[in-house]
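Fit chain B to the known structure of chain A by using the hints.
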Amino acid sequence: EPEVTQTPSHQVTQMGQEVILRCVPISNHLYFYWYRQILGQKVEFLVSFYNNEISEKSEIFDDQFSVERPDGSNFTLKIRSTKLEDSAMYFCASARKGSGANVLTFGAGSRLTVL
Amino acid sequence: DAKTTQPNSMESNEEEPVHLPCNHSTISGTDYIHWYRQLPSQGPEYVIHGLTSNVNNRMASLAIAEDRKSSTLILHRATLRDAAVYYCLIIQGAQKLVFGQGTRLTINP
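So the protein lines, in turn, are chains A and B.
With the numbering used here, the residue at position 103 of the first sequence is 103, and numbering never jumps.
With the numbering used here, the residue at position 96 of the second sequence is 96, and numbering never jumps.
Isolated chain A, as found in the complex:
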């Protein structure tokens, strides 16, 4: 069964450092998403991406965050200057359609620890 692959599985970084989280969505999917989950809390939407541009973003997704699809297969989330509160699991998801019947496939997540 096709899956969404995320790397790294765990990254530890110092506050203020840049971090790039990588995702390989399912190959025929056109819609891409990043979500995050702080330990013990609910899954929160960050950003959606379609046709090489951001289609929607949340208040969490401020100027420190950016997304890119550099080569047609990878989908990356960059955090320019990490803060302690960025420590969380980050989930990438992709979907084939953009309708209400849209089914998202999530990756296993990248755990980011900011010290």
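Certain hints may be false.
From the structure, some residues in chain A lie toward chain B, with a derived Cβ separation under 8 Å [what the hints assert, rightly or not]:
hint : residue
1    : S27
2    : S48
3    : F65
4    : A101
Just so you know, the hints here were simulated from the structure itself, not pulled from any lab data.
Remember, predicted model here, so these are calculated numbers, not experimental data.
From the three backbone atoms N, C-alpha and C, an ideal C-beta is built for every residue, glycine too.
Here is chain B on its own, set in the frame of chain A:
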């Protein structure tokens, strides 16, 4: 986004059916009802979705009330591996999924 209400937690026994309720009284005519679950230490996983009619797949069944203001996810024979947080979501168009707190399902052996 239409709001959903789910119990915080439920408990069931292994090999018994589980009925997980969800209220979505503000649902509109073109909104889809989706269910996802999150197993411990994993990303959310799609379970099932529907619009008006009841739906069955290999994982579960979805029973949708006639007025669509509520739905029930049915796990026909729960196993220990079904222990997870189950999320009911209402989706319109290409909107993002907005996760609430969900229902934490515990399965007793």
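So, going through the hints one by one against the coordinates:
For S27(A), the shortest C-beta to C-beta distance to chain B is roughly 18 Å, which exceeds 8 Å, and the interface hint is violated. Annotation: S48(A) was flagged as interfacial toward chain B, and the flag holds, the nearest CB pair being 5 Å apart, inside 8 Å. Because the beta carbon of F65(A) sits about 15 Å from the nearest beta carbon in chain B, more than 8 Å, this interface hint is broken. Because the beta carbon of A101(A) sits about 6 Å from the nearest beta carbon in chain B, less than 8 Å, this interface hint is met.
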